[in-house]
Amino acid sequence: MSAPSADHTNDSHDHGHGHDGEFSHPMPVWMLLSVFFALLLLTVATVYQSTFSLGNLEVWMSLTIATVKAGLVIAFFMHLLWDKPLNAIIIFSSLIFVALFLGFTMMDAQGYRENLIMNPTLLEDSQPAAVNVELSK
Amino acid sequence: MTTAVAPAPADQEHDAHHEHPAWLAHHFDDAEQQFDAGKLGMWIFLVTEVLFFSGMFCAYALYRNRNPEVFEFCSTFLNEKLGAINTGVLLFSSLTMAWAVRASQLKQTKTLIGMLGATLGCAAMFLGVKAVEYSHKWSIGLFPGKFYVSQIEGAPHSTVPYLWYLSIPALILLVGFVLYYVYAFVAASKFHLRVAGPLVVAALCFFGGVKLGQILEAEESHGDSHAAAGSNAHGHEHSDHDGHDHAKAALAPTVNLLGEPETVLHDVAVSPAETNTPDSNVNQKGMAGLFFSIYYCMTGVHAFHILGGMAVITWLIVKSARHEFHSKYFGPVDNVGLYWHLVDFIWIYLFPLLYLIT
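Here the protein sequences come in this chain order: U and G.
Reading the first sequence from the start, the letters are residues 0 to 136 in numbering that gives the first Met the number 0.
Reading the second sequence from the start, the letters are residues 0 to 357 in numbering that gives the first Met the number 0.
If you're looking for bench data, these hints aren't it; they were derived computationally from the structure.
Just so you know, these numbers come straight off a predicted model, no measurement behind them.
Hints should not be assumed to be uniformly reliable.
Unchecked claim - SDA-like, lysine to any residue: derived pairs with alpha carbons at most 25 Å apart: (1) G:LYS318 / U:LEU53; (2) G:LYS80 / U:LEU41; (3) G:LYS109 / G:PHE184; (4) U:LYS83 / G:PHE184; (5) G:LYS145 / G:LEU39; (6) G:LYS80 / U:GLN48; (7) G:LYS189 / G:HIS301; (8) G:LYS106 / U:GLN48; (9) G:LYS38 / U:GLN48.
Stated by the list, open to error - Computed footprint of chain G on chain U; a stretch qualifies when at least three of its residues, placed anywhere within it, have a C-beta under 8 Å from a C-beta of chain G: (10) 26-34; (11) 68-74; (12) 78-86.
Beta carbons: idealized from backbone N, C-alpha and C, even for Gly.
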């Protein structure tokens, strides 16, 4: 290896693993297995949870469980806990943009709810949805 | 076989500048810089993937927010047992992929190939189960958009052998891989045997997945007839029951649908006599058809990601059979692993959002 490698050996101390150019960080098998079983357990939990009718809460419950699972996958399987902070910033920034995207679309949809006809049968059945028909010309 | 680790004298043109091992690209200072650069690129790619899928999740969120009853009606057509099995299979493949990364860092080539093979096999099994799901839906006319066929009780099922069509590519690959294995055996090439073995197993896993899916699918329709018989006997108890029997019950036409609006939405097949039930609003191209557009789009794009993942994992198997990976060069395994976990990550959200709506 060439001379500049000295700089990078210092770098590797900064993010806390290895020495002398050794940058691999093998995950211990017990950790992989326990993350896997935790994920399986959460899958069973989400299937079990779906047998109760919780109404509106249900979506949020299953999304919460899914997010915990996704967090486990990202942190351990994708090794982000030991990764460079830059990579974590990159992936979390994408989640912020997804939240903005979904959030604003939903706000928009709510704002125009009255003017939209999403149900084609409303047009045919001439049910009390006459207001909608008028607005849409 | 350890030539890859040692500096490669074969690289004549590069040697003019300085010495570097074959696995270290010329423009990197050292192994760690190469690894970090590759990984940064992979994370940025994953960001684009997340944003790409978020478009479909946006369509999902809008449509579900607007027409929750469509989702309740349509999700009864999705077999949640198959979905749960596939979730387990994909989680297991994530485990083996993460283990493969570990094996590549520790230079345990046998474990590495085994783990990559297991990941490939799980991916094939996932697709096998998916093939059963898709072909079952197509046979009863659950197509996307305008191709959607209204679900009417007792309607004849299509006899087109969709499952066969979906299995043909896998069958061709299986034959090809077996021939390759035979060739490797005859040529007594250790390298080819190491590559061909996992490929044959993975192709077989597809058919294992198909078999598993068929068993579970048959169980499900068996359960349906039971539930239907039960619903005739005690129609009212049904609104108290939640979950499985409730959702999967196929109501007989004699049951008063209007009296039990809760149950109606979970009805699988609609009786032709009942035209003014909430179901008749939902059970048509513009409503249920749109749900299936979203369903096929999301799961289909996900399935294509699985296929892409399988292709790169095969590439990794070839590279590991050549003993290319070690503690300073495992970037490809790690980056494919990141991609694979992202595919798993997407499925973690798809499963409850599509299959587990009550």
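Each hint, compared with the structure:
1. G:LYS318 / U:LEU53: Distance of about 50 Å is beyond 25 Å: violated.
2. G:LYS80 / U:LEU41: holds (15 Å)
3. G:LYS109 / G:PHE184: Holds. LYS109 (chain G) to PHE184 (chain G) sits at ~18 Å (cutoff 25 Å).
4. U:LYS83 / G:PHE184: Not OK: LYS83 (chain U) and PHE184 (chain G) at ~45 Å, beyond 25 Å, violated.
5. G:LYS145 / G:LEU39: The hint is violated at about 43 Å.
6. G:LYS80 / U:GLN48: holds (14 Å)
7. G:LYS189 / G:HIS301: violated (35 Å)
8. G:LYS106 / U:GLN48: Since the Cα atoms of LYS106 (chain G) and GLN48 (chain U) sit roughly 42 Å apart, the hinted pair is violated (cutoff 25 Å).
9. G:LYS38 / U:GLN48: violated (37 Å)
10. 26-34: Contact hint for the segment 26-34 of chain U vs chain G: holds, 5 residues under 8 Å.
11. 68-74: holds (count 4)
12. 78-86: As far as the segment 78-86 of chain U goes, the hint holds, because 5 residues have Cβ atoms under 8 Å from chain G.
When each numbered hint is compared with the structure, violations occur for hints 1, 4, 5, 7, 8, 9.
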